[in-house]
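**Student:** Sequence:
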Amino acid sequence: MSSADALAATIETAERLESQGMRKDAKLALAQALGSAPQAKRGILGKLKKATKSARHQEAARRFAELAAAAPSPGDIELLERLTADYPADTFIRAAFAAALCAAGRRAEGVAEFEECVRKSPGDGRVLAALASEYAALGKRDEALDRFRRGLDCLLHDHLTEAACAAARGIAALQPSSLDDAVRVVALAREGDPAALPGALERFAALCHGEGKMEQEAAAWAELLLLSPERDDVRRELAGAYTRILDSDANDTDAWRGLEAADPGLAAELRVLLMALSDESGPA
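Start counting the sequence shown at 0; every next residue gets the next number (numbering that gives the first Met the number 0).
Derived by calculation from the structure, the hints in this document are not laboratory data.
A hint or two may mislead.
[Said to hold, decoys possible] Pair ranges (Cβ atoms, derived): (1) D141 - V271: 52 to 58 Å; (2) M21 - D232: 35 to 41 Å; (3) P175 - P73: 33 to 39 Å; (4) A275 - R235: 21 to 27 Å; (5) A70 - R189: 31 to 37 Å; (6) A136 - G191: 35 to 41 Å; (7) A69 - G122: 20 to 26 Å.
[Said to hold, decoys possible] Simulated crosslink set (EDC-like; lysine to aspartate or glutamate; CA at most 16 Å straight-line): (8) K212 - D246; (9) K212 - D179; (10) K23 - D89; (11) K139 - E114; (12) K212 - D248; (13) K119 - D89; (14) K212 - E229.
No experiment lies behind these values; they were computed from the predicted model shown.
Every residue, glycine too, gets a C-beta built ideally from N, C-alpha and C.
Please model the complete structure; the sequences and the hints are all you need to start from.
**Tutor:** Below, the structure is given as structure tokens:
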């Protein structure tokens with residue numbers, strides 16, 4: 000069996016193992032195949048000769064890189080470093096090597112590799128977002144915000160809404176009091192990341208409450224309650240928002256309808272209370 004055929008068989012085996020949830024076994028199979036594969040010959044300048052490149056080898060390298068990035072062993076990092084040298088133009092492999100370094104606690108080295116990825120592929124929003132997260136972990140807020148914003152623009156351009164939402168959440172986490180950032184996260188979650196929408200709405204509602212934007216707060220709680228009707232805490236927050244609106248304007252019919260839907264008992268009590276206050280303030 001040729002080395003290309005052997006790699007193809009290993010790739011198929013790794014896919015089967017991964018589909019069965021055996022990611023470590025899949026990674027090991029690929030690592031063994033890549034480690035035992037004939038090393039590509041290099042020219043006098045040290046560059047990989049075009050004639051020795053194998054599409055199957057590179058495919059196996061990319062699959063291994065993806066599996067090794069999140070939880071690498073020391074041997075994985077060594078192999079990733081070699082593969083990065085073998086395929087210097089492959090941003091995917093280099094980014095996986097960078098992620099592996101960061102996961103192994105070698106964050107400064109990983110950031111340097113990520114920056115090299117960005118230099119070679121400045122429009123890769125996923126790499127920019129990953130780099131931003133590492134800068135945030137290092138406490139470098141300005142650098143993190145810059146990379147997150149650049150990554151968000153690229154991700155939106157490429158219509159990668161779920162990844163864009165994650166980048167927007169990264170920005171919002173670095174600017175926790177920014178209502179504009181919270182609005183952006185909600186909008187992106189509505190478009191393409193439904194799982195993130197409840198958390199985004201809750202954060203937006205809390206910020207609106209802090210800034211006294213009662214109608215926007217109520218709208219956010221109402222939308223969240225539609226998504227999570229079993230959450231009594233959200234129902235209470237919604238009722239409280241409507242109550243504050245009515246305390247400011249007792250003739251707000253939309254707020255009355257909303258309060259009656261959220262908490263009929265509280266709405267009835269509030270009507271009685273407002274009527275009593277009206278009688279006390281009326282002419283003697």
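**Student:** Okay, D141 versus V271 on CB: inside 52 to 58 Å?
**Tutor:** Because 55 Å falls inside the window, the suggested range holds.
**Student:** Does D179 lie within 16 Å of K212 when you go C-alpha to C-alpha?
**Tutor:** Within the cut-off at roughly 13 Å; holds.
**Student:** Should the hint that P175 and P73 are 33 to 39 Å apart at their CB atoms be regarded as holding?
**Tutor:** At roughly 37 Å between Cβ atoms, P73 and P175 fall inside 33 to 39 Å, so the hint holds.
**Student:** Can you tell me whether the CB distance of A69 to G122 sits inside 20 to 26 Å?
**Tutor:** For A69 and G122 the Cβ distance comes to about 24 Å; the hint holds.
**Student:** Mind checking the alpha carbons of K212 and D248 for me, to see if they're no more than 16 Å apart?
**Tutor:** Holds, at roughly 14 Å.
**Student:** Starting from the range 35 to 41 Å, see whether the pair M21 and D232 falls in it by beta-carbon distance.
**Tutor:** holds (40 Å)
**Student:** Need the status of pair K119, D89: alpha-carbon distance at most 16 Å?
**Tutor:** holds (9 Å)
**Student:** So does A136 sit 35 to 41 Å from G191, Cβ to Cβ?
**Tutor:** Given about 26 Å between the Cβ atoms, the range is violated.
**Student:** Taking the beta carbons of A275 and R235, is their distance inside 21 to 27 Å?
**Tutor:** With Cβ atoms ~24 Å apart, the hint holds.
**Student:** Between the alpha carbons of K212 and E229, is the straight-line distance 16 Å or under?
**Tutor:** Violated, at about 25 Å.
**Student:** Are K23 and D89 close enough, with their CA atoms no more than 16 Å apart?
**Tutor:** Roughly 23 Å between the alpha carbons, so the hint for K23 and D89 is violated.
**Student:** Verify the proposed pairing of K139 with E114, using a straight-line Cα cut of 16 Å.
**Tutor:** holds (14 Å)
Comparing the model with each numbered hint stated earlier shows that hints 6, 10, 14 do not hold.
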